[in-house]
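Engineer: Kindly generate the complete structure, drawing on both the sequences and the hints.
The listed protein sequences correspond, in order, to chains A and B. The letter at position 100 of the first sequence is residue 100 when you use the numbering used here, and the numbering goes up by one with no holes. When you read off a place in the second sequence, starting at 1, and then add 1000, the result is the number in the numbering used here.
Derived by calculation from the structure, the hints in this document are not laboratory data. We put the CB at the ideal spot given by N, CA and C, even for glycine.
If you only want the chain B side, here are some residues facing chain A, beta carbon under 10 angstroms, derived: (1) S1031; (2) F1035; (3) Y1037; (4) G1043; (5) E1044; (6) F1047; (7) N1103.
Each chain, letter by letter, is given below.
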Amino acid sequence: DAGITQSPRYKITETGRQVTLMCHQTWSHSYMFWYRQDLGHGLRLIYYSAAADITDKGEVPDGYVVSRSKTENFPLTLESATRSQTSVYFCASSESTRQTQYFGPGTRLLVL
Amino acid sequence: AQKITQTQPGMFVQEKEAVTLDCTYDTSDQSYGLFWYKQPSSGEMIFLIYQGSYDEQNATEGRYSLNFQKARKSANLVISASQLGDSAMYFCAMREGRGNAGNMLTFGGGTRLMVKP
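Structural biologist: Below, the structure written as structure tokens:
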């Protein structure tokens, strides 16, 4: 029972490069989410998806792109990475609206 | 204005004692949910307990209970009989809104709990 996985777990990249963070869940949950965690800010929602092909912005969407062609995958792309995007990124999923969200292990991203 | 406020950046508790982690929230919705998550040093986010705004009883899950005071807009986490493995960051979060947006979580800044042997 893999649950929700993220890859890579650690990533170092350079300013201006494109980076894609992967998220995969095996529960067939409808909802998926991307958060970033920074010191002093807790977790903040970047994007979420209610189902395949349905995505919407969260609190801090600028500089990020998401897609969801399959229910189980929800990749997050930084089109041109900036140092301010250095963070820990968490993917989460929930079965339906208003249900508990379960989190992946996180990806630590460093942008040089 | 902060929607979720956790006023205790860090706390110590003696092993086997109970501890209360504070959380206050701000919403104008009648229907909302409150969550607590634990983040150990390994980094994962672990769901602990949930309280719905219409739930009349305080939620309990093993050694965790949620002291829900709706009029005061507080949702404090109580951990009974603390264990060394309880040392971690604890986050309070709120779900509010309707439709697809009603599944979005807003998190507080967290409280670091350290259990002393």
